[in-house]
Amino acid sequence: MSTATDKTTDCQTLTGAEILVEALIRQGGKHVFAYPGGASMPLHQALRKYRDRIRTILPRHEQGGSFAAQGVSRTSDEIGICMATS
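Residue numbers for the sequence shown follow my numbering, so the first one is 1380 and each next one is one higher.
I should point out that these hints are in silico values taken from the structure, not numbers from a laboratory.
Each residue gets a CB set at the ideal place from its N, CA and C atoms; glycine is no exception.
Incorrect hints may appear among the rest.
Quick list of simulated restraints, FRET-style, between CB atoms [what the hints assert, rightly or not]:
#1 R1439 - D1389: 37 to 47 Å
#2 A1418 - G1443: 12 to 22 Å
#3 Q1391 - G1443: 20 to 30 Å
#4 R1453 - D1389: 23 to 33 Å
#5 I1458 - T1394: 30 to 40 Å
#6 D1389 - E1441: 23 to 33 Å
#7 G1395 - H1440: 19 to 29 Å
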């Protein structure tokens, strides 16, 4: 006689923004140069949630953020991440 056992799974609901941030972390991202705006607020909220694993740096301009991300990529083994909004 076999008995069925209840298997509980620890499921966590993630937003699309949280999935993206986790993917950046898994790819080795440590810094994000992110210029905030209305369309990117869910991503900024997710970045704040994961602030112990990835650092958000707010540039004054999108172009400055892209140059900074390129500098990180060229001078280290990290990936350079820049995020801007329309």
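Legend entry - Violated constraints from the hint list, given by number and in increasing order: Violated: hints 3, 4, 5 and 6.
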